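Chemist: The lines below spell out each chain.
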Amino acid sequence: MIAPLQKQSDGKTYFRPPEIEATLESLAGLPIEEVARRAEVIDPDDPEYVPSECVVYFVRQSKANGDTKPYQDLFKALRNRVRRAVPVRLRRIAGVSKAVESDAELQMQDKVLFDFQRLLCLDRKARDGRLNFYEIRFNLALARLRATARRSVVQKESRRKPMQYDGDGSELAVEMEEALDRVRNPNGPKNDDSDYRLRFYEAISNLPDDRRRVMELLLNGLQIEAIAKILSCVEKTVRNRRDRAFAAIREALSEEYEA
Amino acid sequence: MIDPKDREAILYAFAVESSHDQQTLDHYLAQHPDLAEELIDLAFELRIAAAQPPGESAPSADAGMQSAWEEFIGCGVTETKPAKAGSLLSKFRGPAFVELANRLKVPRSILTALRDRLVEPLSIPERFLCRFAEAAETSLQELREYLSHPPLVVGTAQFKADKKPSPQGRVSFRHLVENTEMPEEEREELLQGCDDDGRKRG
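Heads up: the protein sequence lines correspond to chains E and Z, in order. In terms of the working numbering, the first sequence has 155 at position 141, counting the first letter as 1, and numbering is strictly consecutive. In terms of the working numbering, the second sequence has 68 at position 60, counting the first letter as 1, and numbering is strictly consecutive.
Rather than coming from a laboratory, the hints here were simulated on the basis of the structure. Keep in mind that a hint or two might mislead.
What the hints assert, rightly or not - One side only, chain Z facing chain E, incomplete, derived with CB under 10 Å: (1) Asp34; (2) Ile56; (3) Trp77; (4) Ile81; (5) Leu126; (6) Pro129; (7) Arg135; (8) Leu148; (9) Glu150; (10) Cys202.
Said to hold, decoys possible - Below 25 Å or equal to it, Euclidean Cα-Cα: the simulated BS3-like pairs (lysine-lysine) are: (11) E:Lys139 - Z:Lys13; (12) E:Lys139 - E:Lys83; (13) Z:Lys13 - E:Lys26; (14) Z:Lys99 - Z:Lys113; (15) E:Lys112 - Z:Lys113.
Stated by the list, open to error - Derived DEER-like restraints, expressed as beta-carbon distance ranges: (16) Z:Asp14 - E:Thr82: 53 to 63 Å; (17) Z:Arg152 - E:Gly143: 23 to 33 Å; (18) Z:Ser27 - E:Tyr210: 18 to 28 Å; (19) Z:Pro41 - E:Gly235: 32 to 42 Å; (20) Z:Pro41 - E:Lys139: 50 to 60 Å.
On a predicted model such as this, the values are computed, not experimentally measured, just so you know. We treat Cβ as the ideally placed atom computed from N, Cα and C, and that holds for glycine.
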């Protein structure tokens, strides 16, 4: 019998999606060793794949079942799912012969793992409702920890590398508006370039918080006036942040590298 | 002022919404203007996560796995073990101490500073703590507990910082590593994931 889960927030009740409930019901009939073995499968198209939401459910049952070896294996599988959701990729950078791991991505992964572990421990001590969201939509819930980690990592990186901006105005703005349009409308003509979109987002991800937020709101199609209102600042500040962000993004996009 | 728990619940609720289009973001921003920055950060994170291809099929070995498991099963134990403030590293004497330093790839002076709890515990990167716990054959939780006790008063402390230690008698991990002679490559490795200002992450 699967323990029911529901999470209330903001007057709305959240449940596990029906397909997760169904998978849990069928897994509950298997020996835990078998569930643990299947949790190691990482290809979602594999018929034996166990969704991460279910892995969280079983790890939360560990204490009640004596923390036996299969639960350790499930715990290991869960950590691997977290690590895969915050990937550290090897990059080949122009002029550097060896592929290197991104230091910022390594720090992100460390921080997310650390915070997730803390969440698991808090939940084990006294049921922590935050973990319920990981049984509802695991990868989306993990974005919460990624956001916190990004703030911490980018802050440090920006202190090391002060952003340069020479304010070369309108030409850049036109170029970037075109780029924004290309990213916002992925299904438009000539816009099916997922690699370009990812590089554009990665360039934004390295911006200081205030500029990154302006870019996210621009990507959502908001106008300067609305952005200023949301961020509680004057329109000129928003334009300055946008221009600095544009300059940094153009510089990042011009750097040749292959992922 | 929203209660921190409610705040977290709202942010998680936004994260697990079935759609993160402009309408959804607008709704949350209108309902929770004081959470605007965190909601926008989250919206961006969801955007980049959706665009990113999944990580490698075989990510590098998880060095912290065993310590993490031990920490996990150690949580929620009603009867906590007494803190082994003085004994955790006492078995590493003489050659065993040298071997531990070698295993950790750190100069002995750094290990001495850690043993004597002269390092601000919250400034030590998680990555290194995991390696340390494994090499010292202890759990992450016990190691954290050990390091959080006051510095040991020993007459043989070998670590000497260039600058006067902080008023609490401790230095940050970064300060210690930056002021210890060692190959540059090992220094960089040790500083990975290290906060500049020595504050705990998270």
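Chemist: Holds or violated: Lys112 (chain E) and Lys113 (chain Z), Cα atoms, limit 25 Å.
Modeler: holds (23 Å)
Chemist: A closest beta-carbon separation below 10 Å is what the hint needs, so does Cys202 (chain Z) meet it against chain E?
Modeler: holds (9 Å)
Chemist: With 18 to 28 Å as the target window, see if Ser27 (chain Z) and Tyr210 (chain E) comply at their CB atoms.
Modeler: With a Cβ separation near 24 Å, Ser27 (chain Z) and Tyr210 (chain E) satisfy 18 to 28 Å, so the hint holds.
Chemist: Given Glu150 (chain Z) as an interface hint, is the shortest Cβ-Cβ distance to chain E below 10 Å?
Modeler: violated (14 Å)
Chemist: Mind checking the hinted window 53 to 63 Å against the Cβ distance between Asp14 (chain Z) and Thr82 (chain E)?
Modeler: violated (36 Å)
Chemist: CB of Pro41 (chain Z) to CB of Gly235 (chain E), is that within 32 to 42 Å?
Modeler: With a Cβ separation near 19 Å, Pro41 (chain Z) and Gly235 (chain E) fall outside 32 to 42 Å, so the hint is violated.
Chemist: Against chain E, run the beta carbon of Arg135 (chain Z) and see if the smallest gap drops under 10 Å.
Modeler: holds (5 Å)
Chemist: Identify whether the interface hint at Trp77 (chain Z) stands, where standing means a beta carbon of chain E within less than 10 Å of its own.
Modeler: holds (5 Å)
Chemist: So, Leu126 (chain Z) near chain E? Judge it on the closest CB pair being under 10 Å.
Modeler: violated (23 Å)
Chemist: Min Cβ distance, Pro129 (chain Z) to chain E: is it shorter than 10 Å?
Modeler: violated (14 Å)
Chemist: With a cut-off of 10 Å on the beta carbons, see whether Leu148 (chain Z) makes it to chain E.
Modeler: holds (9 Å)
Chemist: Could one say that the CB atoms of Pro41 (chain Z) and Lys139 (chain E) fall in the range 50 to 60 Å?
Modeler: violated (34 Å)
The structure is inconsistent with the numbered hints 5, 6, 9, 16, 19 and 20, although it conforms to all the rest.
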